[in-house]
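Asker: Can you make the complete structure from the sequences, with help from the hints?
There are 2 protein chains.
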Amino acid sequence: MDLNESFKHYSIWGKNMANHSKAKRGIPPKSDFNSWYPAIVEIADLVDKRYPIKGMDVWKPYGLSAMNLIDQLARGEMLRTGHHEYRFPLLVPEGLLDKENRLVSRLKAAREAGVDPSELRLDEEESGFKKEVYWVTHGGENKLEIPMFLRPTSETPMYTMFSLWVRSHADLPLKTFQIVNTFRYETKQTRSFIRVREIHFFEAHTVHADQHGADMQIQEDAEMVQRIMHDLCLPSLVSKRPVWDTFPGAWYTKAADVVMPNGRTLQVATYHHYRDQWAGAFDLSYEDPNGETQMCHQTTFGMSERLLGAVVGMHGDDKGLVMPPSIAPFQVVVMPVASHSDGNVIPAVQALAADLNSSGLRATVDSRDVRPGVKHYDWEIKGVPIRVELGPRDLKSSKCVATLRTGGKVEIDLDEAPEKIRVLLLEISDELRNRANSLVSDLVQEFPIENLDSKDNPDSIIDDGIVYEIAFDGNDSDAEFLERKTGLTLLGECDDPFVEPRKCLVTNNPTTKKQYIARMY
Amino acid sequence: MDLNESFKHYSIWGKNMANHSKAKRGIPPKSDFNSWYPAIVEIADLVDKRYPIKGMDVWKPYGLSAMNLIDQLARGEMLRTGHHEYRFPLLVPEGLLDKENRLVSRLKAAREAGVDPSELRLDEEESGFKKEVYWVTHGGENKLEIPMFLRPTSETPMYTMFSLWVRSHADLPLKTFQIVNTFRYETKQTRSFIRVREIHFFEAHTVHADQHGADMQIQEDAEMVQRIMHDLCLPSLVSKRPVWDTFPGAWYTKAADVVMPNGRTLQVATYHHYRDQWAGAFDLSYEDPNGETQMCHQTTFGMSERLLGAVVGMHGDDKGLVMPPSIAPFQVVVMPVASHSDGNVIPAVQALAADLNSSGLRATVDSRDVRPGVKHYDWEIKGVPIRVELGPRDLKSSKCVATLRTGGKVEIDLDEAPEKIRVLLLEISDELRNRANSLVSDLVQEFPIENLDSKDNPDSIIDDGIVYEIAFDGNDSDAEFLERKTGLTLLGECDDPFVEPRKCLVTNNPTTKKQYIARMY
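Top line first, the protein sequences correspond to chains G and C. Residues 281 to 801 in this note's numbering are what the first sequence spells out, letter by letter. Residues 281 to 801 in this note's numbering are what the second sequence spells out, letter by letter.
Hints should not be assumed to be uniformly reliable.
Note that identical chains are pooled: a pair holds if it fits in a single copy or bridges any two copies.
With a cut-off of at most 25 Å between alpha-carbon atoms, the simulated DMTMM-like pairs for lysine to aspartate or glutamate come out as follows [as the list claims (entries may be wrong)]:
#1 Lys329 to Asp563
#2 Lys423 to Glu374
#3 Lys410 to Glu374
#4 Lys793 to Asp758
#5 Lys410 to Glu421
#6 Lys455 to Glu567
#7 Lys411 to Glu374
#8 Lys379 to Glu421
#9 Lys735 to Glu763
#10 Lys793 to Glu500
#11 Lys423 to Glu412
#12 Lys735 to Asp753
#13 Lys334 to Glu425
#14 Lys700 to Asp635
#15 Lys455 to Asp328
#16 Lys334 to Glu365
#17 Lys468 to Glu425
#18 Lys676 to Glu691
#19 Lys468 to Asp743
#20 Lys765 to Glu322
#21 Lys379 to Asp328
Quick caveat, the hints were computed from the structure, so don't treat them as lab data.
Answerer: This is the structure in C-alpha cells:
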C-alpha cells in the first residue's frame with residue numbers, strides 16, 4: 281500500500297473532527313502573529329502541547345501527515361541524487377563526544393591563534409556540547425559505567441561507523457541520510473516546530489575523496505533546498521553564516537532562512553562543508569588508486585520540523601492554516617449537500633473522491649451530519665486547498681463548485697474534475713508563492729541610513745520586525761559593533777553580491793558584499 | 281513521491297553493493313542456526329552490529345527498506361480499520377511511571393488475594409518497571425528536578441493525553457497507533473531484531489465505551505495479525521498467555537509466536553485487553569448519553585522489528601536470505617548480459633525495469649561491471665525473489681529467463697513480463713508458505729508421554745528444539761511443575777481446543793484445553 285493509497289482511508293476523518301469543531305473559539309488575528317501562531321497550531325490540531333514536558337509536543341494525525349509529506353519531499357530528493365537511507369542509534373556513548381569536543385577546541389584554538397588547524401594536536405577538552413544534550417546515566421537501577429547522551433545530531437555515531445565502512449576510493453562517495461528524532465536540552469522558551477526539545481530531524485551526511493567532491497555536494501544540497509522550498513511555496517534567504525555562527529567543526533556553514541510575518545528569520549535548512557576536519561577527529565581516511573592514504577572530505581545537510589513551522593507561519597491567515605498542495609494531507613475535501621433528499625448524492629460524492637484519489641490526488645469525503653457551513657469552517661481552519669460541494673442540482677448539471685482556500689469559487693465539469701483540480705492546485709501553489717514573495721519583499725528592506733556611526737541611537741530608525749539588507753565587509757569586532765548597535769543578528773553573506781560597490785555600513789569601505797541583519801528565532 | 285516510486289532510484293545500488301561482495305566469506309550452514317542467523321544478518325547487510333553499544337545496531341539501507349515495507353503492511357491495516365497515526369514524545373516523566381506501578385501492584389495484590397481489583401485502592405508502590413528502562417537524569421550539566429525515562433512502550437504518555445481528549449461517548453472509540461523507537465535496558469544476550477535495546481516498535485492503543493467494544497477490537501487485532509503473517513508467509517501459533525506472563529495491567533494477553541528453525545518460539549505480536557484497569561489508573565472516563573460517568577475500556581496491539589527477525593530466520597537458507605515478495609526491497613533484479621557486444625542490451629534492460637516499476641513492482645537494474653555469477657551470488661544472499669538476465673540472444677527471441685530464489689528458472693515473453701512476474705511472485709509467496717508450514721509441522725509435535733509424573737527424568741525424551749502440543753488444565757503450581765520438569769516454557773492456551781477431551785499432562789484430568797510448551801526467545 282503506497283502513501284497515496286493510505287489517504288483514501290481517511291474518509292473516517294469526519295468522525296474525529298467532530299472533537300475539534302469545539303475549537304470554534306476565535307483565532308487571534310494574524311497581525312498579532314505571536315498570539316496567532318501558537319493558537320493556530322493547536323486549533324488546527326497539528327500538535328497537542330499539553331504533554332507534561334515542555335517542548336515535547338504530541339503529534340496529532342493531521343500534523344504528522346503534513347510532516348510525513350515534507351519528509352517524502354526530502355526523501356525523494358535524496359534518493360534521486362544517490363543518497364541511501366540509514367538509521368543510526370539514538371544513544372551515543374560519552375567517549376565519542378570527547379572526540380567531538382577535542383575537534384571543536386582544536387579548531388577554536390586554531391582560529392584564535394590564526395593557525396592552520398591541521399597543525400594542532402587533539403589534546404584539549406571542551407565541554408560545550410555537554411551543556412546541550414540529555415544524559416542517560418542509569419539503566420534500570422544500575423548506574424551505567426559509561427554515560428550516554430541522546431543525539432542532538434548524528435556526526436559522532438555516524439562517523440564512528442563511516443571509519444569502519446570507508447577503506448578505499450571505491451567506497452566513495454558515501455552518501456547517507458536519516459530521518460529521526462533528535463534531542464536538545466533547550467533552556468530558551470519553546471515554540472511548536474520552531475524551538476522544541478524532541479526534534480523531528482532530517483540529516484544527510486556524505487563522505488568524499490577530496491574537497492572538490494564535497495564542493496559539488498554543497499552545490500547539490502543548495503539545489504535540493506531550493507526545490508523543496510519551491511514545493512513548500514516558501515521564499516528563503518540563503519547566506520553563508522559568519523564564522524562565529526558556523527557549525528562546530530565546519531569549514532563553513534550555509535543556511536536558508538524563512539522570513540516569518542513578524543519579521544523574524546527562521547533557519548530551516550543548513551549545509552556544512554567540513555573539509556577534512558571531522559575526518560581527522562574520527563580517523564576517516566581511504567586508500568587512493570596509488571595506494572596512498574588520504575583524508576576524507578565531508579558535508580552534512582540538515583532540515584527539521586521547522587519547515588512545517590515556516591509553512592504554518594508564512595501561509596496561514598486570519599481564518600486558519602493554508603496548506604500548500606504539495607504537503608496538504610488532503611488536497612481536496614468533497615462535501616455532500618442535501619444528501620437526505622437525493623439518494624444519488626452520497627454515491628456521487630464517493631465516486632468523485634475515488635476518481636480524484638486514483639488520479640494521484642489526496643481527496644477525502646466529509647459526510648458528517650452537520651451544516652455545510654460547519655464543514656467549510658472546519659476545513660478552512662485546517663487549510664485544505666480545495667473544498668468541493670456536490671448536491672442534487674450539481675448532479676443534474678454534471679458540474680460542481682470548488683471553493684479555493686486562497687479565495688474564489690470555480691465551477692467544474694464533473695467529467696474533467698481530476699484534470700481541472702490538478703490545474704487549480706498548481707494555481708493555488710503559484711498564488712501562495714506570489715503572496716509569500718510579496719510579504720517577504722515588504723519585510724526585507726534596505727537599511728535606512730548609510731553609516732551606523734552617523735546616528736548615536738539608531739533605535740528610532742530600526743524596526744525589529746524588518747530584515748535589513750546591508751553592505752558589510754567588516755571583521756569580527758565590526759560585526760559585534762553592528763549587532764550591539766542594531767540589536768539585530770548578522771545572518772551572513774549572500775551568494776549574489778551587489779552589482780555596484782556600496783559603502784560598508786560600519787567601515788565605510790566600498791564593498792559588493794550583501795548581508796542581512798535580522799531578529800532570528 | 282510514493283514509496284514504489286522511490287525504489288526506482290535504487291538503481292545506483294550496484295555501486296554500494298561492491299562494498300559488500302567482499303562478504304564472500306562462507307555463510308554457515310542453516311542447520312547450525314545459531315551461527316547462521318547472526319552471520320546472515322550482517323552478510324546480507326541488514327544491520328551493522330559494530331556500533332559501540334551492544335543491542336543498538338545501525339540499520340543499513342537494505343534492512344531499513346525491508347523494515348519500512350513491514351511498517352507499510354501494518355500502517356495499511358491500521359488505516360483500513362479506522363486507526364489514526366500519532367507520534368508521542370519519547371521521554372516520560374518519572375511521576376507517570378508511579379501511576380503505572382501503582383496499577384500493577386494493585387492488580388498483583390488483587391490476584392493474590394482473589395479480590396476484584398476495582399475494590400482496591402491505589403496506594404502501593406512497585407518498582408518493576410524502573411528496572412527495565414533507561415533513565416535521563418541530566419540536561420546538560422543540570423540535574424533534572426524530575427528524572428525522565430525512555431519509553432519502553434507508550435501506555436503512560438498516551439493515556440495521560442487520552443484522559444484530556446476523551447470527554448464524551450461521541451469521542452469514542454479512539455483508535456490510535458504509532459511507529460517509533462522504544463528502549464529496554466536489556467541484560468540478557470542481545471540478538472539483531474530479536475532482542476535489542478533500541479527497538480523499532482509498532483503500537484496501537486484504543487479506547488472504547490465498554491467491554492464489548494474492546495472485545496471487538498481484540499478480534500480485529502487477531503485478524504490483522506493473521507493478514508500480516510500471511511503477507512510475510514509466516515505461520516504462527518496464537519495463544520492466550522498464562523496469567524503470570526500477562527502484560528502488566530492487562531486483563532488478558534494474546535500473542536502470536538513464530539517457531540524458528542531451531543525450535544525456539546519468537547513472540548512477534550501481542551494484543552492486550554485491559555478492560556477498565558488502566559483507565560482507572562489514568563482517570564480515563566467519559567460521559568455516556570444519559571449524562572453518567574463511565575470508565576473506558578482499552579486495548580493495545582504491539583509488533584516490532586522481530587517480524588523481520590522471523591522473516592530472516594524462517595525463510596533464509598544456506599545461500600542467504602529469501603525475502604517474501606511483500607517486503608522484498610527489490611522484487612526483481614534485472615541484469616544485462618554481454619552488453620558490451622550489443623548496444624541494445626542496456627536500453628532494453630532499463631526499459632524492462634521501468635516497465636516493471638510502472639506496473640507497481642519493485643525492480644532494479646544491476647549494471648555493475650562484474651561477471652553474471654557474481655551478481656547472482658550477491659542477489660541470492662540478499663534474497664531477491666526473481667533475477668532476470670537479458671542479453672543479445674534474449675532480445676532476438678523477445679524472451680528472457682527468470683531465476684527464482686526459491687529454485688528453478690522460467691522463460692518469459694518480454695511483452696508480458698509484468699503480468700508474468702506478478703504471477704511468479706505469488707507462486708514464490710505460496711512456496712514460502714508451504715515450506716514454512718512444513719517446517720513448523722515438523723517442529724510442533726505431540727508430547728511423547730501421556731503423563732509427566734510417569735517419568736522421573738523426562739530429559740531423555742524431551743527435545744528442546746521441539747514445540748510440544750499438550751493437554752493441560754492445571755493451576756499455577758501445576759504449570760510451575762510442568763516448566764521445571766520439562767525445562768520448557770508454557771506459551772498458553774490456543775483458541776482451537778482438542779475435539780475430544782484428553783488427559784491433562786500434569787493433573788490427569790480430562791480436558792480439551794490445547795496448550796504449547798517450548799523454549800522461548
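Asker: Looking at the structure, which of the earlier hints fail to hold?
Answerer: 20
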